[in-house]
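**Q** Below are the chains, spelled out letter by letter.
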Amino acid sequence: MTTADTGTTSCVITADFLTELAAIVGCARLLDSRDELLVYECDGYVVEKSVPDVVVFPEDAAEVVAIVAACASYNVPFVPRGAGTSLAGGCLPVGGGVMIALTKMRRILEINLRDRYAVVEPGVVNVNLTRALAGTGFHYAPDPSSQGACTIGGNVATNSGGPHTLKYGVTVNHVIGIEFVSPQGELIEIGGPCGKGNGFDLPGLFVGSEGTFGVVTKVWVRITRNPAAYRTMLAIFDSVDDTTQAISNIIGAGIVPAALEMMDKGIVGALEEAFHFGFPLDAEAVLLIEVDGLEVAVDAEAETITRLCKDSGAREVRLSQTEQERALLWKCRKQAFGAIGRLSPSYCTQDGVVPRTKVPEILRFIAEVSKRHDIRVVNVFHAGDGNLHPILLFDERNTEQVKRVMLASDEILGKCIELGGSVTGEHGIGVEKISFMNRLFTDEDLAVMEDVRKAFNPQGRCSPGKLLPTAGACGMEHIEKNLPGRQAAM
Amino acid sequence: MSDISPEQVVTPASAEEVAEIVRAAIADRNQISTRYISPSDGNSSSDVVKRVNLQKMNSVVEYPARDMTVTVEAGMPVSELGGILAEEKQQLPIDGFAPSISVGALVAGDATGPRQYGYGTLRDYVIGIEAVDGQGRIFHAGGRVVKNVAGYDLCRLVVGSRGSLGILTRITFKLKPLPACSMLRSFRFRDTAGLDKSLGRLNVTAANPVLLDFDFGAAAPMQQQTDGSGSGNEHFPQTLHIGVEGTEAACRWQLDELRKDCAEGEQFESDDSASAVEQHCRNAEYCWNDNVIRIRTIPSKLVTVASELAATGYSSQGHAGNGYVFVKKEAGDGRIRAICEEVVSRHSGSVSQWSVDHPADSTDVLSLRLRNTFDPHSVFCN
Ligand SMILES: Cc1cc2nc3c(=O)[nH]c(=O)nc-3n(C[C@H](O)[C@H](O)[C@H](O)COP(=O)(O)OP(=O)(O)OC[C@H]3O[C@@H](n4cnc5c(N)ncnc54)[C@H](O)[C@@H]3O)c2cc1C
Numbered sequence: 001m002t003t004a005d006t007g008t009t010s011c012v013i014t015a016d017f018l019t020e021l022a023a024i025v026g027c028a029r030l031l032d033s034r035d036e037l038l039v040y041e042c043d044g045y046v047v048e049k050s051v052p053d054v055v056v057f058p059e060d061a062a063e064v065v066a067i068v069a070a071c072a073s074y075n076v077p078f079v080p081r082g083a084g085t086s087l088a089g090g091c092l093p094v095g096g097g098v099m100i101a102l103t104k105m106r107r108i109l110e111i112n113l114r115d116r117y118a119v120v121e122p123g124v125v126n127v128n129l130t131r132a133l134a135g136t137g138f139h140y141a142p143d144p145s146s147q148g149a150c151t152i153g154g155n156v157a158t159n160s161g162g163p164h165t166l167k168y169g170v171t172v173n174h175v176i177g178i179e180f181v182s183p184q185g186e187l188i189e190i191g192g193p194c195g196k197g198n199g200f201d202l203p204g205l206f207v208g209s210e211g212t213f214g215v216v217t218k219v220w221v222r223i224t225r226n227p228a229a230y231r232t233m234l235a236i237f238d239s240v241d242d243t244t245q246a247i248s249n250i251i252g253a254g255i256v257p258a259a260l261e262m263m264d265k266g267i268v269g270a271l272e273e274a275f276h277f278g279f280p281l282d283a284e285a286v287l288l289i290e291v292d293g294l295e296v297a298v299d300a301e302a303e304t305i306t307r308l309c310k311d312s313g314a315r316e317v318r319l320s321q322t323e324q325e326r327a328l329l330w331k332c333r334k335q336a337f338g339a340i341g342r343l344s345p346s347y348c349t350q351d352g353v354v355p356r357t358k359v360p361e362i363l364r365f366i367a368e369v370s371k372r373h374d375i376r377v378v379n380v381f382h383a384g385d386g387n388l389h390p391i392l393l394f395d396e397r398n399t400e401q402v403k404r405v406m407l408a409s410d411e412i413l414g415k416c417i418e419l420g421g422s423v424t425g426e427h428g429i430g431v432e433k434i435s436f437m438n439r440l441f442t443d444e445d446l447a448v449m450e451d452v453r454k455a456f457n458p459q460g461r462c463s464p465g466k467l468l469p470t471a472g473a474c475g476m477e478h479i480e481k482n483l484p485g486r487q488a489a490m
Numbered sequence: 001m002s003d004i005s006p007e008q009v010v011t012p013a014s015a016e017e018v019a020e021i022v023r024a025a026i027a028d029r030n031q032i033s034t035r036y037i038s039p040s041d042g043n044s045s046s047d048v049v050k051r052v053n054l055q056k057m058n059s060v061v062e063y064p065a066r067d068m069t070v071t072v073e074a075g076m077p078v079s080e081l082g083g084i085l086a087e088e089k090q091q092l093p094i095d096g097f098a099p100s101i102s103v104g105a106l107v108a109g110d111a112t113g114p115r116q117y118g119y120g121t122l123r124d125y126v127i128g129i130e131a132v133d134g135q136g137r138i139f140h141a142g143g144r145v146v147k148n149v150a151g152y153d154l155c156r157l158v159v160g161s162r163g164s165l166g167i168l169t170r171i172t173f174k175l176k177p178l179p180a181c182s183m184l185r186s187f188r189f190r191d192t193a194g195l196d197k198s199l200g201r202l203n204v205t206a207a208n209p210v211l212l213d214f215d216f217g218a219a220a221p222m223q224q225q226t227d228g229s230g231s232g233n234e235h236f237p238q239t240l241h242i243g244v245e246g247t248e249a250a251c252r253w254q255l256d257e258l259r260k261d262c263a264e265g266e267q268f269e270s271d272d273s274a275s276a277v278e279q280h281c282r283n284a285e286y287c288w289n290d291n292v293i294r295i296r297t298i299p300s301k302l303v304t305v306a307s308e309l310a311a312t313g314y315s316s317q318g319h320a321g322n323g324y325v326f327v328k329k330e331a332g333d334g335r336i337r338a339i340c341e342e343v344v345s346r347h348s349g350s351v352s353q354w355s356v357d358h359p360a361d362s363t364d365v366l367s368l369r370l371r372n373t374f375d376p377h378s379v380f381c382n
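The listed protein sequences correspond, in order, to chains U and H.
Under the numbering used here, the first sequence has 197 at position 197, and the numbering climbs by one with no breaks.
Under the numbering used here, the second sequence has 132 at position 132, and the numbering climbs by one with no breaks.
To be clear, the hints were calculated from the coordinates, so they are not data collected in a lab.
Yeah, the Cβ is synthetic: ideal placement off N, Cα and C, and Gly gets one too.
Among the clues, some could well be false.
Said to hold, decoys possible - A few chain H residues facing chain U, derived, Cβ under 8 Å:
no.: 1; residue: I84
no.: 2; residue: A86
no.: 3; residue: K89
no.: 4; residue: G109
no.: 5; residue: H140
no.: 6; residue: A150
no.: 7; residue: G151
no.: 8; residue: P177
no.: 9; residue: G200
no.: 10; residue: N203
no.: 11; residue: S300
no.: 12; residue: S348
no.: 13; residue: S352
no.: 14; residue: S367
no.: 15; residue: T373
Claimed, not checked - So the derived label-pair ranges between C-beta atoms look like this:
no.: 16; chain 1: H; residue 1: Q267; chain 2: U; residue 2: T136; range: 24 to 30 Å
no.: 17; chain 1: H; residue 1: H377; chain 2: U; residue 2: A229; range: 52 to 58 Å
no.: 18; chain 1: U; residue 1: G137; chain 2: H; residue 2: D256; range: 15 to 21 Å
no.: 19; chain 1: H; residue 1: A27; chain 2: U; residue 2: R372; range: 51 to 57 Å
no.: 20; chain 1: H; residue 1: T363; chain 2: U; residue 2: K371; range: 55 to 61 Å
no.: 21; chain 1: U; residue 1: Q335; chain 2: H; residue 2: T11; range: 54 to 60 Å
no.: 22; chain 1: H; residue 1: E278; chain 2: U; residue 2: D410; range: 54 to 60 Å
no.: 23; chain 1: U; residue 1: D410; chain 2: H; residue 2: D256; range: 45 to 51 Å
no.: 24; chain 1: U; residue 1: Q459; chain 2: H; residue 2: D191; range: 47 to 53 Å
no.: 25; chain 1: U; residue 1: K371; chain 2: H; residue 2: D256; range: 55 to 61 Å
no.: 26; chain 1: H; residue 1: S270; chain 2: U; residue 2: H276; range: 53 to 59 Å
Bound-form chain H, shown alone (with noise of 0.2 Å):
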């Protein structure tokens, strides 16, 4: 924040304000963000990117509990409402971001972790928004029950979208229940075909796992290594983590067909405490660093690609079950993002990293209509 001056950071307390905002920054040919811009960023179109803060409007807008549902304003940090859904042993069951952002900026931007396996993403769980765009129309979409099928479903279309449709204000979200118990094991291979038996079998287990993650190491002298809990041991390069949720009872009984399961791997480092899994998810912000290229692929064909890259000397890690793979971009290396786009261009999937590709970047016809609707001065920078 060094290098932006405090008159250029405006912190609004409600929706119209947010609106009046944005009116002015388009009769100023202005532009703002919700995310800090540095002056040297390139996607500012504008002399002036003033940046929105929503640390006003950071209260709980109506929690019924018992609904399982809760609107807040979209400038709380996660970890704040996490708290207050914990005092009802409730959840918003997603990770893979940084504690201290808001809950607007974890919708705009689809964060996703390891328990997507489980608990689907962010889509599945946004149901109603207050948001203005870029022509300063404040406008809602969805409501406060679970089911409602009224209107567009423009919640779905700001998940993701990354400031560039509207800044979110206000948003509903379904909840789950904080499972009574969790449990985390992992699972190391000495080949890839064991681990692709394993995944096969895990495809149609009887537990029913939370989480799939692998680490994948690389077969030549490892060039690259991720971060996190790479195995790093040669002899058993390829890891799986699995984590299940349920009374203690069911999940140690899933523990044992998880044993089954992935016969042909062994056994380690069983972290038996109680924060196992969500220790494990945290360490999976990884996944969000601008410095990781993001695969994604479908899961039978996980274990080719990530195995194609150990190859090239990369080594990888991510979400199995869904077929993410995340390959760590040290600085200086300019080829590795040509190396995933090769890989994946003989099997499936896409190439993508968070600097750099931005949906609002998307050229098909319909996306740069909702652009030009949502959007039509320019006023967001993404």
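Looking at chain U on its own, in the form it has when it is part of the complex (with noise of 0.2 Å):
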């Protein structure tokens, strides 16, 4: 018997409602061991970690709904899973409890070409819905870096960005409709093909909840045409400035490309001795640029890119000229995070956002925070939404290191407050930066949306701890406060 306290309300994990639970799923999916919880530990975010008491994976959403009934009839908290690569803490059990990991829901349900939409389970791969839509001119177009393993329940709750989003927008934009489990049992749809109907737009709410208004069952998505076209560049830079310069150009030109990435020498050096891809080691910085649309449209729109990247200072610009050579840049850049393990033994990635026309202005400060603190940042992010990725370079064993690296974030973050921006772009709030929720929003503000969670969850037993101060001031003691170790991302 172990204890789990949510903060609000302590609870107790009895034999009878471990009982219960398994008479739900059975014992083969559900795990209670010690050993075995321990991969439960954490997500992504691996700073702060605290271990469920069982972890269940229901497969359908019946039996979801009989584990949050128990859930609620025990007043046992519970946090709902995907493929655990939340890099906030997301799935973080924090006060133990119930998690409920949704991979064994992965079924799409249907697929509908000439409507435009697909339903799919929650923990149905992001990129397995593209796959299954190859050949038939459509695709799923919000592409996080992690596509290949982060799940679509996953999206909708932390409402993920990619590098595609800059055009084609971000999951809120894609989700049509959600079937989800409320905290208190009950199987509730809410909007579905034809939109939100008459009412309130609850699907928009309900994405980038993070989990705290319930488990997702089953989600409505839209699906995009592919382009007709599209032209890869990289464009090369001596100096960051240059870069940021260009950055802006594009945009201020009325241009919205696809995807406008911006990696620096750090993070080029690292990806070029993992992919041999040809990029040059002495230059300061790069854009990976694509834009997409007609064919008769792409080229001009090509031109005037190189044109505006050649004035900011570019010394060259490349245009790719095979689907090879661009599937090669993209899995460079959705792949990076798999290179920055050559640079250094930990690092720790943020996620600011500043408006794009701040982007040279940060990316100075960074550069200065990263000389005072004596910490090597490198840099890879999507430039074209002003959404930085700076990835903070360290060894974990040194703790006064780390103490450096924390400081340097929080200075980072707090200047994209500053320059207008906010804290996270798409990897939402979790645990990891609930303390910056009372530096971007009022009281009132945080006093309206702890109501609105009230509204969805009532006793606080889903997800405890998240998103909110209010919530994360409790519970948090039981957090094991390791080290910042290694953590992936972009």
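Work from the hints to combine the two standalone chains into their complex.
**A** Encoded structure:
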């Protein structure tokens, strides 16, 4: 018997409760031994850890309903989990309790090309939907770099973005309906193929609620026509300032590329070592730019972008000549995190956002912070959206260096707020950034958000300790505060 | 406005003043509304409904054009905002509204028009809000950056909430560039099979239409005729209007593609004026008329739904690409809503009417709880 504390209520995991869970999912889909549970003590954010008391793997919505109802009757907190790639501790079982892992609910239930939607279970891995659409002329647009692993349920909960969300929008722009199990154990459907109907945009509100509104069991997503043509370019610069100026000039010229990603010298070096693409190792930064659309239009756009880059000081702008070259370029970008291991034993990725025109200023600030704290920082990020991912490199065995990493991260995110931006563009608040919420929002804003949470999750049993400081203040005592460990991302 | 005395109209100049008005209304057990409420309006539960007019809150708070975002006070007229953005060759690509309405009303009403096919709806453009709830709390959500997942997305919640959750005081929009050129083409069809076939092809067209609208004439001698540009030709009872954007070369190339996609139809009335798309979108204001019944179905059911309506004598028009069908209700016509509901029940979708169906009347438990959270004293009169 173990005790869990949600901060507001304490709960006891009794043998009866475990028997009830086992009756719902069967012993094979329930983990409760310490060794097995350790795997679930954290997600992609490894700074804070907490072991759940039990992990269950439901196979359908009826099982989720029964699990949540059991949690309600025994007053046990629970947290949904997809692939566990959250970079903000979204899956952390604060105070223990039940972890509901949705990875066995991975069926694509319907693909309707004529009406441009698909219906999926929450555990469907993002890229598998696009794979299932191969050859149809359609794809699922939100493409987080983690798309080979992360689930659509997790994407809905975090409102994930990706390189191509610059043109195509983030997850909320592609979700038209959600079925979920409320914390009271009711199965609720909001929206659907015809959108929200005459009521409030509840699916829109639900997206990005980071697991605090209930457990998603089905999602209606829009599917998007594939563009007829792309042009993918690599612009090479000798100075970071020139690079950021080019970004500003492209957006300022009224061109919205499909993607506009920046990688600096540090990351390019690591990528070249890993993938041998032929990146210039002496360049200070490169831009990966893709335009898509009509065959008749993309060449003109690519030419304009090339000219704007050159006017801003680009040394060279290379156009991908083949589909293989384009695919390799994107592989490099999307797997950049894998290459970071070559630079440092540990790293910590941040997710700040600034207005796009402030990218030059924030990058100068990051360079200055890096120097002042003597922490190496490399950058690979969604430049067109102003969504930064500075990666702070360190050695977690060096406690003094870890402190400097924390200080530097805090200063960078603080500067993002000062420049009119936000502390998270796509990874979410989770537990990681709760302390920033009252720097971003007023007390009244947070009180209203707390009330909204109560409308969905009145007892706070679902994902306690997440997203809002009011809940985060409690229950955190149970979290083993480890050193920042390895953290993958972008 | 003639039947409301001037003292019942308040014109706050800031969010703080709006909050004071809300708190005073709670104390006095009055109701307030940002829209004009006539004394005969059945929705009001109090004797006095104060109208909150945001005309003094009409300024641009910030327009960093190169960030492609704009923050404005909610009282700014949409047409004025359009003019300001056009100077920077930018736009908020939302149609289907009277140009005199304020951006607050635009967002609260979730106006949508023809170009939602290519551009999406307001839920895709509102990135930050400031509003005052029914407890007089000034709250914010989102921010001024195009990508932001901090906190609950209350922006989505207020879009289309029609004033029932709060009074919007400031809104930040994400913007789009104005296209260099736009063109409109219309094709008419002799039969529904041809129309359906073309619509199927248009779903995978090589072109990139920003609007895909239809007119569907009634089969029987017309009892009802919609506004706008109904074909009115009994030999060609169905029409598609398709708009494209881009450079001139890109538009012309797309028009060639569309001609192939609409092989079963016959092109007519090619309006080559630069403002044809704009004019078409302006005409679509009818969709928001109180007398229009709005059906939302899935695009694949559109021809069936419109045909069944036509068979009962009703012509319709709407946005084929998004599954919107609009049917005009003539004075004294009590049957039409029931007919629409019957047709929709055989297929899929929903039926609504601007003046009758209000999100605040939703009876599901979540909507009720949210209403109670944002307006526990029922201070907002919808
Ligand atoms: C290498 C790497 C690259 C990344 N790149 C990106 C990127 O480009 N863009 C981006 O946005 N993110 C990125 N991320 C972050 C992460 O992948 C996303 O947040 C993703 O959406 C999480 O999905 P998941 O299935 O792993 O969810 P999890 O990590 O399991 O859960 C995330 C949150 O969702 C909740 N949740 C999960 N499933 C459900 C459900 N069914 N119902 C209710 N709540 C649920 C959890 O409680 C938690 O709060 C990256 C992460 C890594 C490790």
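**Q** If a hint holds in the structure, say so; if it does not, say that too.
**A** Here's how the hints hold up against the structure:
The closest approach between the C-beta of I84/H and any C-beta of chain U is roughly 16 Å, which is over the 8 Å cut-off, so the hint fails. Interface hint at A86/H: violated, since its Cβ lies 12 Å from the closest Cβ of chain U, which is beyond the 8 Å cut-off. For K89/H, the suggested interface contact is upheld, since its CB lies about 6 Å from the closest CB of chain U, less than 8 Å. Violation of the interface hint for G109/H is found here, the shortest Cβ-Cβ separation to chain U being roughly 12 Å, above the 8 Å cut-off.
For H140/H, the suggested interface contact is upheld, since its CB lies about 5 Å from the closest CB of chain U, less than 8 Å. Hint status for A150/H relative to chain U: holds, with the closest Cβ pair at about 5 Å, below 8 Å. Using the Cβ-Cβ criterion of 8 Å, the hint placing G151/H at the interface with chain U is satisfied: the shortest such distance is roughly 6 Å. For P177/H, the interface hint holds, since its Cβ comes within 8 Å of a Cβ in chain U; the closest pair sits about 3 Å apart.
Interface restraint check: G200/H against chain U, minimum CB-CB distance 7 Å, threshold 8 Å, status holds. Interface hint at N203/H: satisfied, since its Cβ lies 6 Å from the closest Cβ of chain U, which is below the 8 Å cut-off. For S300/H, the interface hint holds, the least distance from its beta-carbon to any beta-carbon of chain U being 4 Å, beneath 8 Å. Nearest Cβ of chain U to the Cβ of S348/H: about 7 Å, under the 8 Å cut. The hint holds.
Evaluation of the S352/H hint against chain U yields a held restraint, the C-beta minimum of about 5 Å falling below 8 Å. Taking 8 Å as the C-beta cut-off, the interface hint given for S367/H holds, the closest approach to chain U being about 6 Å. Interface hint status for T373/H: upheld, as the beta-carbon distance to the closest one in chain U is roughly 4 Å, under 8 Å. Range check, Q267/H to T136/U: about 29 Å between beta-carbon atoms, so the 24 to 30 Å window is met.
About 57 Å separates the C-beta atoms of H377/H and A229/U, a value consistent with the hinted range of 52 to 58 Å. Evaluation of the 15 to 21 Å hint for G137/U and D256/H yields a pass: the beta carbon distance comes to about 19 Å. In this structure the supplied range 51 to 57 Å holds for A27/H paired with R372/U, their Cβ-Cβ distance being about 53 Å. Range check, T363/H to K371/U: about 60 Å between beta-carbon atoms, so the 55 to 61 Å window is met.
Checked against the hint of 54 to 60 Å, the pair Q335/U and T11/H passes, with Cβ atoms roughly 57 Å apart. As the Cβ distance of E278/H to D410/U is approximately 49 Å, the hint placing it in 54 to 60 Å is violated. Checked against the hint of 45 to 51 Å, the pair D410/U and D256/H fails, with Cβ atoms roughly 57 Å apart. Between Q459/U and D191/H the beta carbon distance is about 59 Å. The supplied range of 47 to 53 Å is therefore violated.
Take K371/U and D256/H: their Cβ atoms lie about 57 Å apart, and the range 55 to 61 Å holds. Range check, S270/H to H276/U: Cβ separation about 54 Å, and the 53 to 59 Å hint holds.
In summary, the numbered hints that this structure violates are 1, 2, 4, 22, 23, 24.
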